[in-house]
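Novice: The lines below spell out each chain.
2 protein chains.
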Amino acid sequence: MPGNKAVVLVSGGMDSLVTTAIAKNECDEIYSLHVNYAQKTQKKELESFKKIVGFYKPEKSLITDISYLKQIGGSSLTDEKISVINHNKTSEIPDSYVPFRNAHLISIAVSWAEVIRANRIYIGAVEEDSSGYPDCRESFFKQLEKAIALGTKNETRIEIVTPLIHKTKSEIIKIGKELKAPFEFSWSCYKNNEIACGLCDSCFLRIKAFKEIGIIDPIPYEIEIKWF
Amino acid sequence: MPGNKAVVLVSGGMDSLVTTAIAKNECDEIYSLHVNYAQKTQKKELESFKKIVGFYKPEKSLITDISYLKQIGGSSLTDEKISVINHNKTSEIPDSYVPFRNAHLISIAVSWAEVIRANRIYIGAVEEDSSGYPDCRESFFKQLEKAIALGTKNETRIEIVTPLIHKTKSEIIKIGKELKAPFEFSWSCYKNNEIACGLCDSCFLRIKAFKEIGIIDPIPYEIEIKWF
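Top to bottom, those sequences are chains A and B.
Under my numbering, the first residue of the first sequence carries the number 102, and numbering increases by one thereafter.
Under my numbering, the first residue of the second sequence carries the number 102, and numbering increases by one thereafter.
Do not rely on the hints blindly, as some may be mistaken.
Treat identical chains as interchangeable: a pair holds within one or across any two.
[Stated by the list, open to error] Here are the simulated lysine-lysine pairs, DSS-like style, with alpha carbons at most 25 Å apart:
hint	residue 1	residue 2
1	Lys-152	Lys-281
2	Lys-151	Lys-171
3	Lys-278	Lys-151
4	Lys-254	Lys-141
5	Lys-171	Lys-106
6	Lys-171	Lys-144
7	Lys-171	Lys-161
8	Lys-158	Lys-171
9	Lys-275	Lys-254
None of these hints come from the bench; they were simulated from the model.
Please model the complete structure; the sequences and the hints are all you need to start from.
Specialist: Take a look at the structure:
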């Protein structure tokens, strides 16, 4: 869309890959932002980010570090004392919840957007068909958007765009396929840095979605998966 | 107040010193948080933080780093290419504005508060009698508080307390004096790391306030100041 300039948050996962594809379609200029938070799979996620950036060629890319989230702890993704457990069906917020993480990601994106005068921030958060993290709720982003309007310069206008917020994981794959997103570059596993475990919450949701639409996920898994 | 457990943001400046004194009075437990953002005076501010922590003895203290704000730039406090200018009366937002900085500080405080189950965050932001930064507005903090309620676990309850938001700088000194706050430990200068310059926006506001109430500021200045 003419005139749109966007900061796109890219973790390296499937959702951020598809969000990048959407932003690229909807905006004149995209700026890719990766945030390392000392998560156990940071090496692999950074590698995925670099591949995605290489593919989509944004105007600029920025890699930032908020490793203090490891000091704060409280999540199995950052805390060595808490193991990443395999997926189990529960209505509770899982141990992998990193307290208020998305607020940190959006704040960094806002600071960058204000300096480069971007008017949009894209984040691939998914509300329903996901792990149930409170900072992935649409209502949270809407409220945060109001806070951004008040906490930045009067001439700054920033919209948080969450194109996947009400999509299911299989719908996300379909959108990505239509936009020819390179799924082989994305990484979802919470546990491993080489070959995806296939058992953690994030692998579980990804595999389930690929199965639902009858496509084989192009990334390798440690365990054997019956795709059809 | 019984049951109150607070994360207190402590830059090392006068406002955060007085805020710590207030929080200490109002809460059962305080947790002091310092955030280094690669500002030009980070060395001196960290030193002040340590002295303040040594004086008030919080349950815990945490030093975090968001140097990525330097990568993002756009402020004279972090960007080597932009000089810290002397105070001049203007209604515009000064160059020292660090884009959306307070949102980063609050986000870190929220993550820590959620893990340790603190119910309050204290920040010494001042709205009127200050530099006019948009992220120091009370309306911003109120809106952010609503976003926090939505973006954290349902059982998490966090209030942002801004005891100085509508105070003048001289009122802040008076409150600090009543609470016997050690002003000699605080640092306000934006420019220097050894002896305060006395000319930048922050020095200007501090000196003016001490003069107004007829007290000599206990910290040394590079220029001669006529206190009375």
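Novice: If a hint holds in the structure, say so; if it does not, say that too.
Specialist: Now for the hints, and whether the structure bears them out:
1. Lys-152 to Lys-281: within (15 Å within a copy, 57 Å between copies)
2. Lys-151 to Lys-171: Both: 23 Å inside a chain and 22 Å across chains, each within 25 Å.
3. Lys-278 to Lys-151: within (20 Å within a copy, 54 Å between copies)
4. Lys-254 to Lys-141: between (37 Å within a copy, 23 Å between copies)
5. Lys-171 to Lys-106: between (32 Å within a copy, 22 Å between copies)
6. Lys-171 to Lys-144: both (15 Å within a copy, 23 Å between copies)
7. Lys-171 to Lys-161: Result: close only across copies, 16 Å inter versus 27 Å intra.
8. Lys-158 to Lys-171: For Lys-158 and Lys-171, the Cα distance is within 25 Å only across copies (24 Å; inside one copy 31 Å).
9. Lys-275 to Lys-254: neither (39 Å within a copy, 31 Å between copies)
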